[in-house]
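Keeping the supplied structure of chain A fixed, place chains B and C with the ligands upon it in accordance with the hints.
Protein sequences appear in the order of chains A, B and C. So for the first sequence, my numbering puts the first residue at 18; every next one is plus one. So for the second sequence, my numbering puts the first residue at 27; every next one is plus one. So for the third sequence, my numbering puts the first residue at 411; every next one is plus one.
One or more of the hints may lead you astray.
Just the calculated beta-carbon pair ranges, DEER-fashion [unchecked claim]:
{"#": "1", "chain 1": "C", "residue 1": "Y583", "chain 2": "B", "residue 2": "R209", "range": "26 to 34 Å"}
{"#": "2", "chain 1": "A", "residue 1": "L268", "chain 2": "C", "residue 2": "H461", "range": "38 to 46 Å"}
{"#": "3", "chain 1": "C", "residue 1": "Y583", "chain 2": "B", "residue 2": "S182", "range": "27 to 35 Å"}
{"#": "4", "chain 1": "B", "residue 1": "E166", "chain 2": "A", "residue 2": "P113", "range": "39 to 47 Å"}
Facing chain B, according to a computed beta carbon distance under 8 Å, are these residues of chain A, among others [what the hints assert, rightly or not]:
{"#": "5", "residue": "Y185"}
{"#": "6", "residue": "A188"}
{"#": "7", "residue": "H202"}
{"#": "8", "residue": "V203"}
{"#": "9", "residue": "A207"}
{"#": "10", "residue": "W283"}
Hints are computed from structural coordinates only; laboratory data are not their basis. Glycine residues also receive a C-beta, built at the ideal position from the N, C-alpha and C atoms.
Here are the chains, one letter per residue:
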Amino acid sequence: MAEPDSHSLRRRLRSSQVLLGAAGALAFVAAWYLLVRFEVWRFAKLPDPLSVVREWTARRPQYGVSLYTAAYYQDIWTSTVRVFCAFALATLLGVPTGIALGWSRSVREFLFPLLELIRPIPPLAWVPLAVLMLANQEAAMIFLTWIAAFFATVLNTMLGVTSIDPAYVRAAYCLGSRPQDVLRHVVVPAALPYVFTGLQIAMGVAWFSLVAGEMIAGQAGLGYMILSAYMDLQTTTIVIGMVTLGLVGFLSSALVRWLGERLTAWQFS
Amino acid sequence: MAVLLKAEARTAGAGAISLRSVRKVYASSAGAVEAIADWTLEIAPGEFLAVVGPSGCGKTTLLNAIAGFDPITAGEIALDGTTIASAGYLAPPGADRVVVFQNGALFPWKNVVDNIAYGPIVQRRMSHEQALRAAHALLERVGLADVARAFPLKLSSGVQRRVEMLRALINDPKALLLDEPFRALDAISKSAMHEELLRLYESTQKTIFFITHDLDEAILLADRVVVSATRPARVKRVLHVDLPRPRSPLMTASREFLELRAQLTGVVHEEAEKALRRGERELA
Amino acid sequence: MRLEGVLTAVRVSAARGTRLRTKRVESVRVLRGAAGIMGFLALWELGVLAHVPILAQIPAPLEVARAQWQLLHEARYYVDWLVSLERVSAGFLIAALVGIPLGLLMGWRAKFRYLTFPVFEILRPIPPLAWVPLSIVFWPTTESSIVFVIFLGAFFTVVLNTLAGVRAIDQRYVRAAISLGATPAIIFRRIILPGALPSIFTGLTVGMGITWSVLIAAEIIAGKSGLGYMTWEAYVAGAFPIIIAGMFSIGVAGYASSAVVRLVARYAMPWTKPF
Ligand SMILES: Nc1ncnc2c1ncn2[C@@H]1O[C@H](COP(=O)(O)OP(=O)(O)OP(=O)(O)O)[C@@H](O)[C@H]1O
Ligand SMILES: [Mg+2]
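One chain only, chain A, in its complex shape (with noise of 0.2 Å):
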């Protein structure tokens, strides 16, 4: 009987390593709490767990920004929507560019060296030029978040065209097909997984990029409240907006995620 057996025991393993975690993630908030509390160092500076998740959860908060208040919600649909756009038109614009790259030698030949020339200049340093280019401040800050995510995803996109095996792109013709079938039925699908690669890291690098957009020339936004929380010294909000762009960075990149192993399930044996 060596099949439930060795199932009791990465049960057993499973439910060990959840209480290892969750006791990892215990020991990391009481170490912050303590820390804060008998005011080591300069911990007394920060505020301490629980204060946070008071103000987070008050009907009046202190602060003015809690899950009560529509000003939360306010930056959080601002942010969201212009990390959509941003994604959206990476997303439009990044495979396509990707997939001509990969597939034409004369295309790649004439583009890759510029964006390998424009590709090392950080996404953030692109924030004075951007505020300078577009007067739109809401323009400028898609702009901004967009740039990261086009080159993730365009170098992604042209690696999985790359990487295809050959061997399908024979087949293909072998079986008839003109150029714009192998591309429908063989280039796109097979770099798929890649292009997925490319947006999942467009994802991270879109919010990243937001995030110093909204901190250094946004009026509205999760970075511009945790900025404007700064100016106004109140250290609590500035947690709550850090908490919160976890969990929205976190959502978005799960949401591209599943999306991903929704439409390559195909290479899951």
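Here is chains B and C with the ligands on its own, set in the frame of chain A:
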């Protein structure tokens, strides 16, 4: 399946492949590699031809030229009298000579039916629905109806190979080009595949160009076995296999089979030794 | 690209003068790349001259080149370089020194991994720059808070790549070593560490890229010097060509530091292909 293919076959009696003084030199950055020296051979319509030879002797190169993947340096290849490759010319690959690949090339992102229906759909030979119905019918006849909706990576390699052969046959090609299709299979599934391929061949009478390393397989399946010399490839010896058809894997125990086998082993061994000795010299 | 080879019926010339042909192909490639870049610059210059809506706001390439040339003659420019390089090096080195051992330990000891991994997964999605305000509040000097945020930017990537590298090591190597009588210390030194090294360097390369991005934003938000601050100051002061010259400088700096990581990788792992 046999009935279906016979009734619809537009290519009965077609599929003669002539290879005339074919030569191929690869130009790589490391220098020129002569893969095929001089290959001349007539393959009759409906013939089952097996090619054996040492690893790296140029078998795949020859198949790639027939398929239209890679040009040749000199000589000529014709299919039913039409030149498909010569020095400076290469006809594009097409559904008249379908390849089944060494490592398998079913599209993993399409399920089994969609893979099989792919050819007729892109060739605009059938409507989408017709093609799917034909694919289903084929699967039904070979007893694979259960896996119609499965994705290839979920299937055993034996089933993958069977599906890939159906994907080729549904196009009613003049010739099938098989490059070591059963290499990755274990002995038991391999023998089942032999039976199935024999059934398909004996009912459809397609020309088959079959590359293998397995001498038993070559004799059991083919009408003629060509032994290639070690690189650069040449026709070293042609063996006629007179075993009666329909054939069955049981024939591998017959006296005629064993005689052929001994003869073939002798020729191949000679070439293998040559390849080995040359390999040693190249290393030294 | 091989995919194209089978597109249409091709007329091919027999293999002649291989060496010659590869050389021609190479020079075509370089020419095309140069043409792409020149075309981009020309379009940009023309766009500015012709007052194309968005481009009209930004300086033309020639102006940028002039501004860059002037920067090269100012001492302040080199100071900005140095300050930025110092911050990045400090944050990055601390991230590597803390992150690699932590990742190795997490990969090697399952219990430790179970204990710590969830905390990582909770903290990781918070964008590094969201830490800036809290970091300024917490750390005694602005300088230390900037270095801390840079450290965070690289830290998670380094830890997770190291961890993934250890976990991807083929267990057969470990079993073979055990059956040969290796002690845990030897297994760690001879198998775990070299086995994880390629993945560690991937993490370091990616981390280095993030580092520069974080630095720029941190300097804009909290700094009074450095290349990032320089570009922002140029924006505020209306010296627009300097913005782009600054972006260019940052690009060069980022590229150079990634090249250094790759160089170290080549020395540390002579058995792998350069990446
Ligand atoms: N694109 C290429 N460029 C240069 N040399 C090549 C190329 N393709 C194949 N070769 C060389 O040509 C020779 C013949 O290769 P080929 O693949 O035809 O051998 P094969 O008989 O099919 O071998 P195997 O039995 O291992 O499949 C080999 O020595 C190989 O190294
Ligand atoms: Mg081969």
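- Can we keep the Y185 of chain A interface hint, with Cβ of chain B closer than 8 Å? It holds, given that the least Cβ distance between Y185 of chain A and chain B is near 6 Å, below 8 Å.
- Under the criterion of a CB-CB separation shorter than 8 Å, is A207 of chain A in contact with chain B as hinted? holds (7 Å)
- Message: 27 to 35 Å was suggested as the range; check whether the CB atoms of Y583 of chain C and S182 of chain B agree with it.
- Response: holds (30 Å)
- Item | Agreement of hint H202 of chain A with chain B interface, Cβ distance less than 8 Å | holds (7 Å)
- Grab the minimum C-beta distance from A188 of chain A to chain B and call the hint holds if it beats 8 Å, violated otherwise. holds (4 Å)
- Message: Using the nearest Cβ pair, does V203 of chain A come within less than 8 Å of chain B?
- Response: Since the shortest Cβ distance to chain B is 7 Å, the answer is holds.
- Item | Y583 of chain C versus R209 of chain B beta-carbon gap, inside 26 to 34 Å or not | holds (28 Å)
- Message: Can you tell me whether the CB distance of E166 of chain B to P113 of chain A sits inside 39 to 47 Å?
- Response: holds (40 Å)
- Task: Could you check if W283 of chain A really has its C-beta closer than 8 Å to a C-beta on chain B?
- Result: Constraint on W283 of chain A satisfied, holds at 4 Å.
- Item | Outcome of range test on Cβ distance (L268 of chain A, H461 of chain C; 38 to 46 Å) | With Cβ atoms ~43 Å apart, the hint holds.
Comparing the model with each numbered hint stated earlier shows that all of them hold.
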